[in-house]
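*Asks:* Listed below, chain by chain, are the residues.
Protein chains: 2
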Amino acid sequence: MSKIAVLGTGNVGDTIGSKLLEVGHTVMMGSRTADNEKAKAFVAKHNGKASAGTFADAAAFGEIIFNCTAGVGSIEALTLAGEKNLNGKIIVDIANPLDFSKGMPPTLAICNTHSLGEEIQKAFPQTHVVKALNTMWCGIMVNPAMINGGDHSTFVSGNDASAKEEVKKILKSFGWAEKNILDLGDITKARGTEMYLPLWLSIYGATNNGAFNVKIVS
Amino acid sequence: MSKIAVLGTGNVGDTIGSKLLEVGHTVMMGSRTADNEKAKAFVAKHNGKASAGTFADAAAFGEIIFNCTAGVGSIEALTLAGEKNLNGKIIVDIANPLDFSKGMPPTLAICNTHSLGEEIQKAFPQTHVVKALNTMWCGIMVNPAMINGGDHSTFVSGNDASAKEEVKKILKSFGWAEKNILDLGDITKARGTEMYLPLWLSIYGATNNGAFNVKIVS
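Respectively, the protein sequence lines represent chains A and B.
Just so you know, we're using full-length UniProt numbering here: the first sequence kicks off at 1 and counts up by one.
Just so you know, we're using full-length UniProt numbering here: the second sequence kicks off at 1 and counts up by one.
Hints listed in this document are in silico derivations from the structure and should not be mistaken for laboratory results.
Keep in mind it's a predicted model, so treat the numbers as computed, not measured.
Any given hint could turn out to be false.
It does not matter which identical chain is meant; a pair holds if it fits inside one copy or across any two.
Here are the computed lysine-lysine pairs in the DSSO-like style, where the Cα-Cα straight-line distance is at most 27 Å [stated by the list, open to error]:
id: 1; residue 1: K122; residue 2: K168
id: 2; residue 1: K38; residue 2: K19
id: 3; residue 1: K40; residue 2: K102
id: 4; residue 1: K215; residue 2: K169
id: 5; residue 1: K84; residue 2: K168
id: 6; residue 1: K172; residue 2: K84
id: 7; residue 1: K40; residue 2: K89
id: 8; residue 1: K19; residue 2: K168
id: 9; residue 1: K169; residue 2: K89
id: 10; residue 1: K179; residue 2: K168
id: 11; residue 1: K215; residue 2: K179
id: 12; residue 1: K169; residue 2: K19
id: 13; residue 1: K172; residue 2: K215
id: 14; residue 1: K49; residue 2: K102
id: 15; residue 1: K168; residue 2: K215
id: 16; residue 1: K168; residue 2: K40
id: 17; residue 1: K122; residue 2: K40
id: 18; residue 1: K172; residue 2: K49
Construct the entire structure; sequences and hints are all you get.
*Replies:* Printed below as a string of structure tokens:
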């Protein structure tokens, strides 16, 4: 079991952090300020098994870092976390660079020839960024059995094979079957999983149901 | 049964044109020149049941137009087809704006705040553009039963409800089950299906198999 930093206090961070605790890890939730109300509520909900602090506190604590911040603020959040606190560690990047500033539906702040996953890897070259889980609603991320008996697809991409293996272990502890975790290759493959978001949003809009995922069939 | 123009003589045009003939339509294949070798081979292969001509010949002939040209050349091809030959007709846009000019993997020539489907609709406002089938290898487009017993997902988007119904009828004649054809909404939803291409290419690259599709599970 590992010490894990969860950066971000939104639904995604709360959901991921709670699941990580459930499967036995120790979790510190990080946010911009040490007295974030949502982080305090997260700690209280888990009867003191979790802790909270600044992005830097959490990153220093964590052996593995989950980036659950809003994608357009992720580089800033990680910069606040501090390169020295991140170096040598795995950053599991589950954020999407959704830009809501131009109205709905959101566009991507970065795409096509770049991706958020790559930008994080470039900004923090001594970390091992693994893009994962960003292609679905967070409820499904931590509970794949909720739909289709757990039989549907999730993706990992990143430059470091052993970092991807570590992340796969965590995904399996969340309930993902080995056969349903597809390694797409290096971190440039984050472009594909991030650019899938507009289709995800369209499917959500057409079906009024966010509790779906795609299963690759062949 | 309809008279259908298939614009484009590549694998996609050949595959779509052959299937349209098989299910009983009359097909004219259109290309830049009236004596295109691939178009002549297509006609010969079908024992004279098909015909071939310029983009304009085909568009004038067709009651429905399938855009099977390379996405980066589609606007030019449709311009050669001629607005007067296209007006009032359904354009089934199955192209993707893949740009191979910057090396592999290809990027998208247009995405995020725009899409090829929308650009075609804007350039030819008196047509009814329906984006369809662009999320898979052409072999699956016309033979969904090839994988998973035919049980996987395809999308339509466009501004005209009756045009989408016409296209759904054609998809059903190709073997698509009603429940697997998801209407995403208006033509702006083409952004999502076109931006899925980088993920499609990544999955193809990771699995060395293009004969796959996604099935939405919930």
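*Asks:* I want to check one pair: K172 and K49. Are their C-alpha atoms no more than 27 Å apart within a copy, between two copies, both, or neither?
*Replies:* Result: close within a single copy only, 22 Å intra versus 55 Å inter.
*Asks:* Can you give me the call for K172 and K84, within, between, both or neither, at a CA distance of at most 27 Å?
*Replies:* Classified as neither; 29 Å inside a copy, 58 Å across copies.
*Asks:* How do K40 and K102 come out at 27 Å by Cα distance, when the copy is not named: within, between, both, or neither?
*Replies:* neither (32 Å within a copy, 49 Å between copies)
*Asks:* If the cut is 27 Å between Cα atoms, do K168 and K215 qualify within a copy, between copies, both or neither?
*Replies:* Answer is both; intra-copy 17 Å and inter-copy 23 Å each pass.
*Asks:* Give the relationship of K84 and K168 under a CA distance limit of 27 Å: within one copy only, between copies only, both, or neither.
*Replies:* within (25 Å within a copy, 56 Å between copies)
*Asks:* Please sort K49 with K102 into within, between, both or neither, judging by C-alpha distance up to 27 Å.
*Replies:* neither (40 Å within a copy, 51 Å between copies)
*Asks:* Could you figure out if K122 and K40 sit no more than 27 Å apart (CA to CA) within one copy, between two copies, both or neither?
*Replies:* Neither: 32 Å inside a copy, 51 Å across copies.
*Asks:* Given identical chains, is K38 near K19, meaning Cα to Cα at most 27 Å, within a copy, between copies, both, or neither?
*Replies:* within (16 Å within a copy, 57 Å between copies)
*Asks:* Is it within, between, both, or neither for K40 and K89, if the alpha carbons may be no more than 27 Å apart?
*Replies:* within (25 Å within a copy, 60 Å between copies)
*Asks:* What label fits K179 with K168 when the C-alpha limit is 27 Å: within, between, both, or neither?
*Replies:* within (11 Å within a copy, 33 Å between copies)
*Asks:* Please sort K169 with K89 into within, between, both or neither, judging by C-alpha distance up to 27 Å.
*Replies:* within (16 Å within a copy, 53 Å between copies)
*Asks:* Are the CA atoms of K215 and K179 at most 27 Å apart within a copy, between copies, both, or neither?
*Replies:* both (11 Å within a copy, 16 Å between copies)
Hint check: violations occur at hints 3, 6, 14, 16, 17; the rest are consistent with the structure.
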